[in-house]
Structure formats: structure tokens, C-alpha cells
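Protein chains in written order, with this note's numbering: chain A, 1 to 361; chain B, 1 to 153.
Rather than coming from a laboratory, the hints here were simulated on the basis of the structure.
Cβ coordinates follow ideal geometry from the N, Cα and C atoms, glycine included.
Mixed in with the good hints, there may be bad ones.
Claimed, not checked - Below, simulated BS3-like cross-link-like pairs (lysine-lysine); rule was C-alpha separation at most 25 angstroms, straight line:
{"id": "1", "chain 1": "B", "residue 1": "Lys131", "chain 2": "B", "residue 2": "Lys81"}
{"id": "2", "chain 1": "A", "residue 1": "Lys339", "chain 2": "B", "residue 2": "Lys132"}
{"id": "3", "chain 1": "A", "residue 1": "Lys39", "chain 2": "A", "residue 2": "Lys29"}
{"id": "4", "chain 1": "B", "residue 1": "Lys62", "chain 2": "B", "residue 2": "Lys132"}
{"id": "5", "chain 1": "A", "residue 1": "Lys339", "chain 2": "A", "residue 2": "Lys319"}
{"id": "6", "chain 1": "B", "residue 1": "Lys81", "chain 2": "B", "residue 2": "Lys132"}
{"id": "7", "chain 1": "B", "residue 1": "Lys132", "chain 2": "A", "residue 2": "Lys29"}
{"id": "8", "chain 1": "A", "residue 1": "Lys39", "chain 2": "B", "residue 2": "Lys81"}
{"id": "9", "chain 1": "B", "residue 1": "Lys62", "chain 2": "B", "residue 2": "Lys137"}
{"id": "10", "chain 1": "B", "residue 1": "Lys81", "chain 2": "A", "residue 2": "Lys335"}
{"id": "11", "chain 1": "A", "residue 1": "Lys29", "chain 2": "B", "residue 2": "Lys137"}
{"id": "12", "chain 1": "B", "residue 1": "Lys62", "chain 2": "A", "residue 2": "Lys29"}
To be verified - Quick list of the computed label-pair ranges, beta carbon to beta carbon:
{"id": "13", "chain 1": "A", "residue 1": "Ser269", "chain 2": "B", "residue 2": "Ser78", "range": "50 to 58 angstroms"}
{"id": "14", "chain 1": "A", "residue 1": "Lys29", "chain 2": "B", "residue 2": "Pro141", "range": "40 to 48 angstroms"}
{"id": "15", "chain 1": "B", "residue 1": "Ile6", "chain 2": "A", "residue 2": "Lys29", "range": "16 to 24 angstroms"}
{"id": "16", "chain 1": "B", "residue 1": "Gln48", "chain 2": "A", "residue 2": "Ser55", "range": "41 to 49 angstroms"}
{"id": "17", "chain 1": "A", "residue 1": "Gln153", "chain 2": "B", "residue 2": "Arg130", "range": "28 to 36 angstroms"}
As the list claims (entries may be wrong) - Chain B regions said to be covered by chain A (calculated; three or more residues, Cβ under 8 angstroms):
{"id": "18", "segment": "34-46"}
{"id": "19", "segment": "69-83"}
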Amino acid sequence: MPEVEIMFSPERGPLGSFRLMELPPDLCKLIESSTGELKLAIKGGTDDDAVLCTSERTYNIRSVVLSNSILVISPPDADGTGDQVVIQDSLNELLELVPTVPRLHRLNTLLKEHEWEEGHEEEEENFGAAKRKRITVDQARAELQASEQELAQALREKHILILDGRSYLILELLLMHLVSLSQPHDAASVQELSQPLEDEHEVKREVTLQVMRWFGQVDAENVSWNVDVEKLVRQVGLGVLRQHKNDPVPEDEFMAKWNAAVGDTFASSTSLQLLTGNYLCASSPFCSSTMLSYFPCAGLPVDPVARFSDLFLTRPRWKAEDIVPYLSDIAVDSKDLDKLLLRYARALTDKDGLWYTARAR
Amino acid sequence: MIVPLILSSGPSAGARTLPPALAQLGSSELFLLELQGDLEVSGDKRGQLVGHLTIDDSGKGKPTLRIGYHLLEGTIVSLAKPLAVLQRPDEDISMHCGDDGGEELGAPGEGTASTAAATATSYTIRTLVRKKIVFSKRPTPIVGASAKIGVPL
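Please take these sequences and the hints and turn them into a complete structure.
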């Protein structure tokens, strides 16, 4: 029977230069099928827990301590004989990967100063340029623990968020002109819409164009705008809802306001479902209809513990279908979401259906 | 900061491979051997012999490890999840002046002194490992110094 001699490395052992990382099946496939153009990186600042990012996903890296020691053994250097192997390293730790949601909350902090709010009109003109100057995409890429794809998606979504107040105004103006000039909403003229905005409201053409791109498609020559009706209607709805953060509005009154804001052409597209995750509804003893108030999911903490305590402070009992929209952005999938609910909330079933309450501490 | 992981381009031509006796482990570049406890060595261990590893080639693949007068019997275990073996390239190690206890991987926030050097850190994925040899039993003493290895005791 052939025998192999195990030797210690002839050099001073570079202990710590090896790591073992456990690969989830999807990542393993990715690595095996890759042709060398694989983009994998570990990201994080000195105060963060490290995450591993592929081009599409983000994984939490957890270090697991092993009671056994694992020796990493390799073939000998040039001067060893054929039946010798050399111990390269001895490890007591394993890195585990757990899929996670991208940690994008820092993006909010990074961009906070550039947020536009109603009443800060004097910043209007230079805000677009300022934002581009302050934070480059590269900077964000290095700072944020998220994969390329997730970051790109977030940048698109957050731009809308950050512009909320303003884009609502611009949108209203756009809509007004769209309707008054009776432009077709699948091929509206960019020029005819941006001109009056620039003349009457000092909204620069580039800003208008950017807003148009978020809510539809502008063709390559910047001539026509194909409106994404659903997105546009949703944004206008958010703008209306935003005014009811602290004083709830009856549902029918809100819908009437919303319909009026979007105009006759789009009134048929309004639906409360578009605003899922942004409003709370409550029945009031004094009024037959449901009351709505503004409660944006994006303003809640990212950490599950804090998220749940915030949610249960807002209201002590949540219907299952009400709470789910407020958790979907911190859960990887529906299984993960169930796990969160199981861990941080208590389920109750009564004649009205499934309720969730806070876990007693 | 970003620490890139680079896929190894595979063993370079002319590099040594593992002895054919270890072919069952499915990798020609590296293998993992798990021991209960540690190898404790006093004195200079550089280039010293640790022990003799034998893998039964009769099909069952029973590995045995003889260290001095002790014999360990082990098993070849298929891992539930494959492991990537990461290695920090050598030039980095010299840059870190031997202190490479735990870079930002397991212990984030290690201090700012190493940050400048750490920005250049990268890891190479040397290989994927699907099997390991585990020696989980206590060693049995070999009676008689000339006892032949591999004979059941």
C-alpha cells in the first residue's frame, strides 16, 4: 500500500494565509461555470461585518469556530520527493455564507444632505449638479455592501425617493401640460413639455428629462417620452399621501384627491395597491370609511429587531397582509420572511384572520 | 473597502501534484485533513516529518495516519457544502510583516494601522474541495516499534 509522508512546511509557516469558505450551492455553481471573468469581492468598512458580493447577490460572512483543527496540505516544493506532502496551514475557523439583503441604508445617509423638500426652493437650481459632484458611483460602490446589480437597482429607486417632493411637483406640472397640450402619453413631445416648465417654473430641461426617464422612457434623441403610467400614478399618489402623515384621511377622500391630481386620462389607473408599503389603514369609530395615513417602509430601520419594535410601536397588532409589505425589503425571500415573523412576532388567529403582535420580552 | 477574490488559474505547468495515492480525494492541488485537537510541536518544526498517511486502495478508502507510535484511523467524508480554499498571495504576507492573524474577514475593525496595507489585500480561490479526511478517533498505540503499518491491531 502506498504511503505518503506528511511534512511540516520547510519555511516559517505563514499561518493565517489560508481561509476556508463554505459555498452555498448557487455560488458553487457560479464559480464552477465561470470562465475567469468572475467578479467576487468582500466588502465592508472597518466597523461593518464583512459581506461577500457576487455581481448579483450579497452574502453575509460568518466565522464559525471549529473545535477540530483542519490541516491544509499541498504537494511539496520542488525539492521534496514524490511521496511527500506538506502542511501549509492549520485552521480552526470556517467562513459561512448566508444570503442577505444588500445593506443599502448607508446610501440614505450618504445622500441625506442632498434631499429635496418642499420649502427649500432656493436649493432647487443647483441640486442636480451638487449631487453628482458629491458622491460618485465608485465611491458608493466601495462604501456600500451590495452587489453591482443591487446597487444599480437601488440607485434608480432611491433617486425617485430622494426626489420625492420635487418629482411630485415636476410630475404634476408635467401632467398638467401633458393634459392641457393633449399630448399622447405613449409619445409625448419632450420639447413641448420641458419648455413651459423651464419658462414658467425654472425647472431645467435636464432635470425634467431625468424625471421623465424615471417615469417612463425617453427615446435616444430626447424627442418623445413614453410614460410609464403605473409608476407616474403611483408617484403622484405618494405625493398626495405624504401630506397625511399625522392626520389620517378617509379612503374615498384620498382617492378623489388622487384621481383629481392625475387627471381624467389616468384616473382609471389609480389603485391603493400601487401604494403598498407606504400607507396604514385604520377603521375609525366616527366614520364609516377606512382612514389612511402615510407610513413609508423606506423610513424604517434595517435591523430586524429595530424594525419590529418600530412596527409594534406604531400599532400593537398587525394583520398578516398588512405587515408583510413592511418586511419584504429586509427579507431575502418568503421563507426568510416567515422566519423573521416567527422569531420576532407572535401569531394570533381570531375571527378576523391572522394577527401578529410583539413578543413579550 | 473592497477585497477582491480572484479565481486561481489552476496549477501552473510543471507544478507538483499530490501523490497518486491520494487520488480518491478528487483534487490534485490541495486536500484537507481534520484532526481532533491540534498537532503540538516543541522546538523548530520546519521541514520535520509529522507522520505517515495511508489510504486503503481496496475500495473502501480507509485512511490511517501513523504519528510516532500512534495510529489513527479515519474516514473520508464528503462535505455537505463544498469549501473554497482561499489563500492570500505571498507578496501580501511579506507586506504585513508576519502579522496576519485576522484581517477584516473574521474580525472587522482590527485597527487602523493595517488599513493602508489592507486596501491592497486580495484573496485567491485556490481550489474547491468536496472531500476531507477526518480522524476523529483517539489514537491507538502501536505495540512493538517494528509493528507493520496497516495491520489491524
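Against the structure, the hints:
1. B:Lys131 <-> B:Lys81: 10 angstroms, holds
2. A:Lys339 <-> B:Lys132: 33 angstroms, violated
3. A:Lys39 <-> A:Lys29: 14 angstroms, holds
4. B:Lys62 <-> B:Lys132: 12 angstroms, holds
5. A:Lys339 <-> A:Lys319: Between lysine 339 of chain A and lysine 319 of chain A the Cα gap is close to 17 angstroms, so the pair holds against 25 angstroms.
6. B:Lys81 <-> B:Lys132: Status holds; Cα separation ~12 angstroms.
7. B:Lys132 <-> A:Lys29: 20 angstroms, holds
8. A:Lys39 <-> B:Lys81: 21 angstroms, holds
9. B:Lys62 <-> B:Lys137: 13 angstroms, holds
10. B:Lys81 <-> A:Lys335: Cα-Cα ~20 angstroms, so holds.
11. A:Lys29 <-> B:Lys137: Roughly 34 angstroms separates the two Cα atoms, so the pair is violated.
12. B:Lys62 <-> A:Lys29: 30 angstroms, violated
13. A:Ser269 <-> B:Ser78: 50 to 58 angstroms: 56 angstroms, holds
14. A:Lys29 <-> B:Pro141: 40 to 48 angstroms: Since the Cβ atoms of lysine 29 of chain A and proline 141 of chain B sit about 46 angstroms apart, the hinted range of 40 to 48 angstroms holds.
15. B:Ile6 <-> A:Lys29: 16 to 24 angstroms: 19 angstroms, holds
16. B:Gln48 <-> A:Ser55: 41 to 49 angstroms: 45 angstroms, holds
17. A:Gln153 <-> B:Arg130: 28 to 36 angstroms: For glutamine 153 of chain A and arginine 130 of chain B the Cβ distance comes to about 34 angstroms; the hint holds.
18. 34-46: holds (count 9)
19. 69-83: holds (count 3)
Comparing the model with each earlier hint shows violations of hints 2, 11 and 12; every other hint is respected.
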